[in-house]
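Novice: Using the hints provided, position chain W relative to the given structure of chain D.
Chains as they are written, first to last, in our numbering: chain D, 62 to 469; chain W, 62 to 469.
Watch out, some of these pointers could steer you wrong.
Repeated chains share a single entry, so a pair holds when one copy, or any two copies, can fit it.
Computed list of lysine-lysine pairs in DSS-like fashion (alpha-carbon distance at most 30 Å, straight line) [claimed, not checked]:
#  : residue 1 : residue 2
1  : 77        : 321
2  : 77        : 239
3  : 88        : 77
4  : 386       : 434
5  : 312       : 221
6  : 448       : 77
7  : 421       : 168
8  : 221       : 419
9  : 421       : 386
10 : 168       : 437
11 : 77        : 287
12 : 440       : 239
13 : 143       : 448
14 : 421       : 321
15 : 419       : 168
16 : 290       : 77
17 : 99        : 239
18 : 99        : 205
19 : 152       : 77
20 : 421       : 88
Worth flagging that the hints you see were computed from the coordinates, not collected in a lab.
Okay, here's what each chain looks like letter by letter:
There are 2 protein chains.
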Amino acid sequence: MNITIICIGNELLSGKTINTNATWLGKTINSIGHYVHKQIVIPDDRSIIKDTLSGLMMNKEIDGCFIITGGLGPTHDDVTRKSIFEFFGSKEKFDIKYWEDLNNRFKQNNIEIPLSNKSQALIPDNGDVIDNPIGSARGYKFNKGRITTFSLPGVPSEMKAMTEASIIPWLKQKSEKKIHEMTIRTTGIPESVLMEEISSVLRDNQGCEIGFYPSLFGVDIQLSSKIKKRTAELGENISNILGHNIFGYNKDSMAQIVVKMAMKKNLSFSFAESCTGGLLGHRITEVPGSSDIFKGGAVVYSDDAKISVLGVDKRCIKKHGAVSKETAKIMAEKVRSIFKSDYGVSVTGIAGPGGGTKKKPVGLVYVALSNNKGTKVEKLNFSHDRKKNKLRTGQVVLNLMRLEMMNV
Amino acid sequence: MNITIICIGNELLSGKTINTNATWLGKTINSIGHYVHKQIVIPDDRSIIKDTLSGLMMNKEIDGCFIITGGLGPTHDDVTRKSIFEFFGSKEKFDIKYWEDLNNRFKQNNIEIPLSNKSQALIPDNGDVIDNPIGSARGYKFNKGRITTFSLPGVPSEMKAMTEASIIPWLKQKSEKKIHEMTIRTTGIPESVLMEEISSVLRDNQGCEIGFYPSLFGVDIQLSSKIKKRTAELGENISNILGHNIFGYNKDSMAQIVVKMAMKKNLSFSFAESCTGGLLGHRITEVPGSSDIFKGGAVVYSDDAKISVLGVDKRCIKKHGAVSKETAKIMAEKVRSIFKSDYGVSVTGIAGPGGGTKKKPVGLVYVALSNNKGTKVEKLNFSHDRKKNKLRTGQVVLNLMRLEMMNV
Chain D
62 MNITIICIGN ELLSGKTINT NATWLGKTIN SIGHYVHKQI VIPDDRSIIK DTLSGLMMNK
122 EIDGCFIITG GLGPTHDDVT RKSIFEFFGS KEKFDIKYWE DLNNRFKQNN IEIPLSNKSQ
182 ALIPDNGDVI DNPIGSARGY KFNKGRITTF SLPGVPSEMK AMTEASIIPW LKQKSEKKIH
242 EMTIRTTGIP ESVLMEEISS VLRDNQGCEI GFYPSLFGVD IQLSSKIKKR TAELGENISN
302 ILGHNIFGYN KDSMAQIVVK MAMKKNLSFS FAESCTGGLL GHRITEVPGS SDIFKGGAVV
362 YSDDAKISVL GVDKRCIKKH GAVSKETAKI MAEKVRSIFK SDYGVSVTGI AGPGGGTKKK
422 PVGLVYVALS NNKGTKVEKL NFSHDRKKNK LRTGQVVLNL MRLEMMNV
Chain W
62 MNITIICIGN ELLSGKTINT NATWLGKTIN SIGHYVHKQI VIPDDRSIIK DTLSGLMMNK
122 EIDGCFIITG GLGPTHDDVT RKSIFEFFGS KEKFDIKYWE DLNNRFKQNN IEIPLSNKSQ
182 ALIPDNGDVI DNPIGSARGY KFNKGRITTF SLPGVPSEMK AMTEASIIPW LKQKSEKKIH
242 EMTIRTTGIP ESVLMEEISS VLRDNQGCEI GFYPSLFGVD IQLSSKIKKR TAELGENISN
302 ILGHNIFGYN KDSMAQIVVK MAMKKNLSFS FAESCTGGLL GHRITEVPGS SDIFKGGAVV
362 YSDDAKISVL GVDKRCIKKH GAVSKETAKI MAEKVRSIFK SDYGVSVTGI AGPGGGTKKK
422 PVGLVYVALS NNKGTKVEKL NFSHDRKKNK LRTGQVVLNL MRLEMMNV
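This is chain D alone, in the form it adopts within the complex (with noise of 0.2 Å):
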């Protein structure tokens, strides 16, 4: 089976766009153990497709699929429908049920259907329609000789919306041997401390590939090996060496996590966030159920707020500053109370890239942890970036909630 991922898209060759389809796809099809032997990225023009599926079609050892992304919207630039009907000698039907239907969904946003949209009912009368559960743009499948190809609209929920319900369960009819993975999730550990820890467990390793890939959230060790029993058995140790440092595996997310926890354990929670500005919160809400046991919070980004909403006294944050471990503490603690939550935690930090002096750096950050046995307050040295410090501290916090509940 040899799969081949055309792209179509002017954003994509001028940059305007990251390919992330193109990753998506490949890791998607690895996960159900087959390969992606070839990307090809081209622009929205009739010939160039058609030239791009010739040639790839005149190799006659290529016995696989072409997935085709892109270009299938009802604007004048979306030139795929055309190009792949032409290629494969389609006459073109018109879907009057369909029309009706895209009308009634127009209809019931109480927004007139544009008539562009007339080209999305359009079906061949020598292929497939691939349906598309959100959105107006339908796919295409067509058999010629050794190759199937299918066409999807490139608008990345779309294309993997219809990637699970039709090629997938396509490629996995012709499966090849399963790969076994796993991703070890870690963070609060450097990359190169981390593999100083693992060296030895990685040097007896055998067979199995081993992929490191850091990021603001900590460092995602990818396993993968055709032989299940290899997969776990290196997970495993992995896992023994690095304990606490490892957060969850495969799709977990931190915040999912600690929601899981929070819900296990019956503890309830609230933030009192400054610098952060409500990422705490909106990680936190991200996850279905968290309403169960996360209260709210309260975002006090001045020195009013701190005060007058949380009831931080006015003389801690004239002593300390608003961005001290003082007040950091007694944010934490005010927060806990009026939200009536078992854990209050407290962002308190100068995220950049101004605000920042000798004594209190940019990317200086106090964050606290209050619940019925004290108040911990931890101090952060973070960079000059504003967007990244953000994204950090909020990494930091869910992760010491996550160890702070681990001994409950």
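Specialist: Structure of chain W alone, referenced to chain D:
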């Protein structure tokens, strides 16, 4: 000048690494008036690399350059150098001076140089060497027929430095005219409706390329032309028609625009967030300087918090529900008064996937804006996707603030 980018690397095909190199090259090459015509991603495989190059060379119409990235490291899976030397029929020479240089560099870092690095001192007898100012893997340049081939390492920082030092000056010599671009950022209007509204100016357009890029946040319209006046004129015509549906241009973000307007008009604001959970505050505080106009907010995720923290009347929630226009209205008014801000803005809704009823389905959201003129409430209907509902709501709320401030 026809430019093809060839990225070599199994990690790109398997989706372990996002191909940001191709994105960066596209953008950088575009900015000096050239276009990338095609991107190809292939595995670290000698015969595939050579076949790809000969396939591309066979196209007699192509007159330009190939930019190859990846596979020049010292390890066994880096096969690019060998493959291109074979393809161009090069004899290998050992660059003893460079090998000594590498030895010294490693010594300075107190590391013994691995013998595998020796391969990086090999140079071709029929091509040029491209210096690497920050790493050990140098690049190569070959001329064959009408094509110049550049081969660079895949590490992004090295690839970028070498492109800027070697490829960009070469391309500039051959430069066609500079491209004049403009991005018009719209929100609150579906792509197909937008197209219909501007169809007349699109028809009259002469020589401007136009692209439409829809996302959860709105539709971006991208104009580009070699003639500055053309881009400017079309931009102006589209702007005249779309008016307040345009929230910004080029790199403007909605949050930036809102902060800028509020600063200019000296208006402060605060948020009472239920289903967005802190996202609004997070987006606003990503903008440097937002502390001047953002007073803070309350994340009132539970009914309790709405009552005790904001002071919403218990009976209002009982009578109309937490997700209702009445509760949204009071939330906005209360948060405005607590934070003593000019605008109080609230959000209450059912983000999903659970929590919906027949009368109040998942995706139902009320947003309210309160100021000295009164309180406006808007009802929104979104989908079942929790994360998307939050993001969409965030954009609608910020846009509501923008529209309100336009009238001040």
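Novice: Each hint should be assessed against the structure and marked as holding or not.
Specialist: Here is how each hint holds up against the structure:
no. : hint      : result
1   : 77 / 321  : between (38 Å within a copy, 25 Å between copies)
2   : 77 / 239  : between (35 Å within a copy, 17 Å between copies)
3   : 88 / 77   : both (22 Å within a copy, 7 Å between copies)
4   : 386 / 434 : within (18 Å within a copy, 41 Å between copies)
5   : 312 / 221 : both (16 Å within a copy, 27 Å between copies)
6   : 448 / 77  : both (21 Å within a copy, 24 Å between copies)
7   : 421 / 168 : between (57 Å within a copy, 20 Å between copies)
8   : 221 / 419 : between (49 Å within a copy, 29 Å between copies)
9   : 421 / 386 : within (12 Å within a copy, 44 Å between copies)
10  : 168 / 437 : between (55 Å within a copy, 25 Å between copies)
11  : 77 / 287  : between (37 Å within a copy, 17 Å between copies)
12  : 440 / 239 : neither (46 Å within a copy, 48 Å between copies)
13  : 143 / 448 : neither (43 Å within a copy, 34 Å between copies)
14  : 421 / 321 : between (36 Å within a copy, 27 Å between copies)
15  : 419 / 168 : between (60 Å within a copy, 20 Å between copies)
16  : 290 / 77  : between (43 Å within a copy, 22 Å between copies)
17  : 99 / 239  : within (20 Å within a copy, 32 Å between copies)
18  : 99 / 205  : both (19 Å within a copy, 25 Å between copies)
19  : 152 / 77  : neither (34 Å within a copy, 40 Å between copies)
20  : 421 / 88  : neither (43 Å within a copy, 38 Å between copies)
Against the hints set out earlier in the document, violations occur for numbers 12, 13, 19, 20.
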